[in-house]
Amino acid sequence: MSKQVTLTINGKQVIAPEGLSVADAAKMAGIDIPVFCHHPKLEPVGMCRMCLVEIGRPVRDRATGQFVMENGQPKVQFMPKLETACTNKVEDGMVVLTESARATDGQRGTVEFLLTSHPLDCPVCDKGGECPLQNLTMAHGPGKSRFNYDEKQHLAKMVPLGELIYLDRERCIQCARCIRFQDEVAGEAVLGFDERGRHTQIISVSEPGFDSVFSGNTTDICPVGALTTVDFRFGARPWELKAESSICTQCPVGCNTTLNTRREAKADGEVVVKRVMPRQNEEVNEIWLCDKGRFAYHYTEGKERLTRPMVRKEEKLVRASWDNAIKAAAEKLTANKKDFVALASGRLSTEDLFNLKSLADTVGGEAILYSDMGGGELTQVVGVGAGTNLGKMGKGDAILVVASDLYEEAPIWWLRIKQAADRGAALIVANPRQTKLDRFAKYKIHYAYGDEIKTIHDFQKKSRIADEFAKAKNAVIFYGSEGLGVNGTSALASACADLLKETGHIGGANNGLIGVWQRANDQGAFEVGFRPVADLEKALKGKAVYIVGADPAGDDPNYARALKSAKFVAVQDIRETATTEIADVVFPAQAFTERDGTFVSGERRVQRFYAAVPPKGDSKPDYAITCMLAKQMGVILQGTSAAVVFEILAHSVEAFNELTHETLAQVREQWPIVGRSDLYYGGATYENTRGMGVQLVPLAQAGGSVKIQKVRKEAALRPKEKELLAVPSNKLYDRGVTVQTAEFLDGRIGGLYVSLNPATAKKFGVEAGQVVKISFDGAGGEAVVKIDETIATGVALIPRGMGIAIHEPAIAKLGGKVKS
Amino acid sequence: MGVFDPIIELSRGLGETLRSFLTEKTVTYQYPEEKRPVRPRFRGRHVLKRYDNGLEKCIGCSLCAAACPADAIFVEASENTNEKRFSPGERYASTYEINMLRCIYCGFCEDACPTEAIVLGDNYELSFTSREQAIYGKDMLLEPVASESMLTPRKVDAGVFTRSVPEMKDSTD
Chain A
1 MSKQVTLTIN GKQVIAPEGL SVADAAKMAG IDIPVFCHHP KLEPVGMCRM
51 CLVEIGRPVR DRATGQFVME NGQPKVQFMP KLETACTNKV EDGMVVLTES
101 ARATDGQRGT VEFLLTSHPL DCPVCDKGGE CPLQNLTMAH GPGKSRFNYD
151 EKQHLAKMVP LGELIYLDRE RCIQCARCIR FQDEVAGEAV LGFDERGRHT
201 QIISVSEPGF DSVFSGNTTD ICPVGALTTV DFRFGARPWE LKAESSICTQ
251 CPVGCNTTLN TRREAKADGE VVVKRVMPRQ NEEVNEIWLC DKGRFAYHYT
301 EGKERLTRPM VRKEEKLVRA SWDNAIKAAA EKLTANKKDF VALASGRLST
351 EDLFNLKSLA DTVGGEAILY SDMGGGELTQ VVGVGAGTNL GKMGKGDAIL
401 VVASDLYEEA PIWWLRIKQA ADRGAALIVA NPRQTKLDRF AKYKIHYAYG
451 DEIKTIHDFQ KKSRIADEFA KAKNAVIFYG SEGLGVNGTS ALASACADLL
501 KETGHIGGAN NGLIGVWQRA NDQGAFEVGF RPVADLEKAL KGKAVYIVGA
551 DPAGDDPNYA RALKSAKFVA VQDIRETATT EIADVVFPAQ AFTERDGTFV
601 SGERRVQRFY AAVPPKGDSK PDYAITCMLA KQMGVILQGT SAAVVFEILA
651 HSVEAFNELT HETLAQVREQ WPIVGRSDLY YGGATYENTR GMGVQLVPLA
701 QAGGSVKIQK VRKEAALRPK EKELLAVPSN KLYDRGVTVQ TAEFLDGRIG
751 GLYVSLNPAT AKKFGVEAGQ VVKISFDGAG GEAVVKIDET IATGVALIPR
801 GMGIAIHEPA IAKLGGKVKS
Chain B
1 MGVFDPIIEL SRGLGETLRS FLTEKTVTYQ YPEEKRPVRP RFRGRHVLKR
51 YDNGLEKCIG CSLCAAACPA DAIFVEASEN TNEKRFSPGE RYASTYEINM
101 LRCIYCGFCE DACPTEAIVL GDNYELSFTS REQAIYGKDM LLEPVASESM
151 LTPRKVDAGV FTRSVPEMKD STD
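Just so you know, the protein sequences line up as chains A and B, in that order. If you're matching positions, the first sequence starts at 1 in the working numbering and goes up one per residue. If you're matching positions, the second sequence starts at 1 in the working numbering and goes up one per residue.
Since the hints were made in silico from the structure, they are not lab data. Nothing here was measured: the structure is a model prediction, and the numbers come from that model. Incorrect hints may appear among the rest.
From the structure, some residues in chain A lie toward chain B, with a derived Cβ separation under 7 Å [unchecked claim]: (1) Pro123; (2) Leu161; (3) Phe234; (4) Arg237; (5) Ala265; (6) Asp268.
Ideal Cβ placement from N, Cα and C applies to all residues, glycine included.
Input sequences plus hints: build the corresponding full structure.
Following this line, the structure appears as structure tokens:
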């Protein structure tokens with residue numbers, strides 16, 4: 001622990017760690033010093049001058065270095081002028097006056113200056129009601145301005161910085177919180193100041209504008225209403241919104257969120273989610289949220305939502321009662337017990353997956369996880385230990401990221417790893433192509449597609465990188481599915497686990513393996529026993545399939561074909577998809593916003609989410625539907641509430657070690673203080689009051705013996721002269737059901753493309769922007785050529801979830817006739 | 001007391017009645033044919049006002065709803081464009097509803113309104129036969145316009161109506 005210093009603020013003795021700013025120390029002691037530009041997550045700059053206070057320091061004797069005493073007390077000398085509390089660090093014996101006449105006069109003057117050109121449009125401002133400037137003007141500002149209204153600046157009211165964030169130039173007070181956030185926290189300096197003096201303004205310096213996946217955070221920390229999101233603009237007044245805690249469902253990070261809801265006439269009088277805000281959890285997402293998590297929640301609403309059960313009658317799906325639909329499905333599934341397959345994705349909660357797995361086990365069927373990525377059974381053994389917090393990793397620690405473009409797959413992990421690297425952790429990025437994380441890496445390894453395992457094995461040989469990794473105090477490996485399918489990732493996971501075991505980086509906090517899964521609760525699916533299969537097409541053919549929360553037919557025409565030849569297909573989802581069209585029976589499920597449950601994040605943190613809006617139509621939670629269906633099939637499961645299902649789950653799955661929903665809802669004190677009435681301090685992020693989650697203890701930490709099975713990887717594919725190696729990569733904004741419903745994200749989603757090295761493009765005679773046909777393994781499609789020199793030659797990089805179904809690397813052919 | 005005294009008193013009283021009948025104006029109003037003018041500060045049914053150019057004064061800020069002690073007002077805002085402009089500035093009320101059964105005519109909404117858009121008018125003749133009818137929408141509350149060209153939404157030139165709240169003037173004292 002760092003050294004503590006003692007100082008006096010407003011006559012109150014305060015003990016604070018050395019290096020803390022006076023403003024933060026005061027905040028910790030419960031004394032509010034008004035701030036605008038200061039943010040506890042950013043470096044202090046002292047730009048706004050709002051935190052002016054009187055600071056006195058004890059006088060030291062020049063000769064001896066001792067305090068000069070006066071009447072038995074150290075003599076304190078005050079500076080002739082006011083100082084900023086944010087840029088001054090605490091010192092022993094310091095005396096700070098934040099409410100003296102001089103200090104309040106200084107603060108009042110600063111507010112008066114700030115308001116000289118601030119428009120009085122609080123009534124139409126989205127920040128009105130949760131605005132630091134409003135609050136601090138009420139608390140510290142003068143009642144009247146001495147400045148001429150005629151000299152007020154009138155600037156543009158609606159300047160799109162990018163397609164997601166709009167700037168109101170008039171409202172901006174030039175505190176640079178947004179610029180500094182992008183620069184220091186996100187590491188993407190896409191915003192900047194333009195001009196000088198009274199003409200200073202924020203501009204975007206990137207092409208396309210505000211090119212960052214963290215842009216939404218700037219609207220949270222903006223102390224005025226200068227930055228607004230296109231999604232929430234004029235959506236509601238903050239005081240009209242209700243708040244309910246939730247967990248982001250977009251990626252395995254498991255960011256804590258707060259759903260703001262309101263009843264709306266536009267939505268026919270229904271209660272709808274108006275915005276998604278970050279909820280503080282310093283161990284997961286701190287106070288940040290990526291744009292995908294913030295904006296791509298619209299899939300839970302809309303006309304495509306399933307509201308009634310449906311049964312196929314004479315080639316058409318017709319509405320049915322729950323009883324009839326359940327009976328119809330149960331009859332067919334019972335008749336085909338031998339061929340029963342439950343296919344589920346990590347979009348479901350752990351309770352849903354547990355019930356589903358129980359059903360599959362009891363009837364003797366198979367439970368398949370809908371994913372291209374394996375290795376979850378290893379993260380259960382050598383996963384990161386309980387107590388892991390990426391925010392605590394730094395000097396002496398090592399982080400290895402392999403086969404994953406975290407910026408595209410799990411942006412908040414990217415952000416936190418970047419910060420760990422800033423703090424001195426040795427970041428090793430091993431990926432076949434350049435990624436955005438390379439910039440912060442101490443070591444970059446660019447291997448050829450297919451050489452993933454070899455790259456990890458090389459860590460066991462002697463080299464500088466291997467040495468640093470082995471000697472690191474703590475080490476974490478993130479492995480992903482770039483260029484790999486189920487078999488490839490399973491082999492990679494085993495190689496990584498082996499390396500961690502060899503170097504002794506298992507069984508402790510901040511040590512272990514983390515899978516960068518494709519969906520939020522894939523880890524939870526592994527925990528309850530789901531496993532992905534390499535050949536899903538084969539696994540589905542001729543079976544009686546119960547698909548929950550997945551759209552295989554929409555993702556891959558081969559899967560659609562397999563499902564059409566299946567004996568029976570029951571689909572349970574929240575939206576109409578290509579798969580529900582094939583289904584014999586359709587069950588409407590409730591979205592995560594309408595029910596409660598738990599997700600297990602990639603770091604194996606079990607976290608609760610809560611119901612925020614009433615359920616749509618006749619829909620039911622997934623675990624309850626599975627329970628009803630099971631009952632009809634003669635299997636008794638629990639389905640009354642998520643808490644009850646979780647209780648059974650915690651008793652039967654060892655890692656959950658008798659957890660309950662109550663233990664998951666516990667919270668701890670966190671720093672910085674955000675939410676509450678402290679909007680001015682940390683931004684509009686919500687305080688965590690409903691649970692920070694509990695991390696599962698991996699087998700290695702629990703003291704179990706760790707045996708890692710060697711998984712042999714098939715030999716790398718070698719394309720011939722006229723062929724290409726088609727490899728999958730992951731993209732943040734894809735055409736999946738959970739993203740594309742947010743129309744304003746269209747620009748970010750973009751079209752289907754295939755990336756080629758310029759040399760490869762030249763060899764095949766194609767140019768950037770040209771539409772080409774690419775085919776492999778009976779799949780393929782048409783895509784626009786994108787030239788990217790960071791990709792190896794002879795490789796065609798195809799993004800997952802954009803239209804061409806690619807699950808694992810394949811030998812591909814380019815060319816053929818293109819339909820125009 | 002004389003015998004005639006009661007008769008005298010009676011005729012004096014009747015005489016007063018006759019005098020007032022002949023000389024004074026009647027105070028009875030033949031409602032509903034005839035209506036008594038309301039006082040200047042009378043608080044009747046709300047009206048959503050317009051500017052002289054026909055644009056709506058209401059900017060959908062919801063402050064009336066926040067001020068309403070009876071929770072009678074519901075506002076939903078949307079964004080103006082120059083092609084479809086309802087009010088000056090960026091924001092307008094896409095939904096504006098007052099539940100007249102809930103309203104207690106206190107006038108707090110008037111006080112809260114930053115653009116003087118909502119005004120409690122003269123009309124006190126409200127009647128409805130169902131709860132749904134008691135919810136007055138924007139179509140009923142908006143002030144009528146003199147000519148069709150002043151109706152909202154309408155297409156306007158860019159850069160003219162950029163401010164929601166009327167410009168502040170320097171104080172003269």
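Can you verify the interface hint for A/Ala265: is its Cβ closer than 7 Å to any Cβ in chain B? holds (4 Å)
Evaluation of the interface hint that places A/Pro123 against chain B, nearest CB under 7 Å: It holds, given that the least Cβ distance between A/Pro123 and chain B is near 4 Å, below 7 Å.
Restraint outcome when A/Leu161 is required to lie within 7 Å of chain B by C-beta distance: Given a least distance of 16 Å, the restraint on A/Leu161 is violated.
Restraint: A/Arg237 near chain B, CB-CB cut 7 Å. Satisfied or not? holds (5 Å)
Holds or violated: is there a CB of chain B closer than 7 Å to the CB of A/Phe234? holds (4 Å)
With a cut-off of 7 Å on the beta carbons, see whether A/Asp268 makes it to chain B. Violated - the Cβ of A/Asp268 stays beyond 7 Å from chain B, reaching only about 12 Å at its closest.
Violated hints, listed in ascending order, are 2, 6; each of the other numbered hints is respected by the structure.
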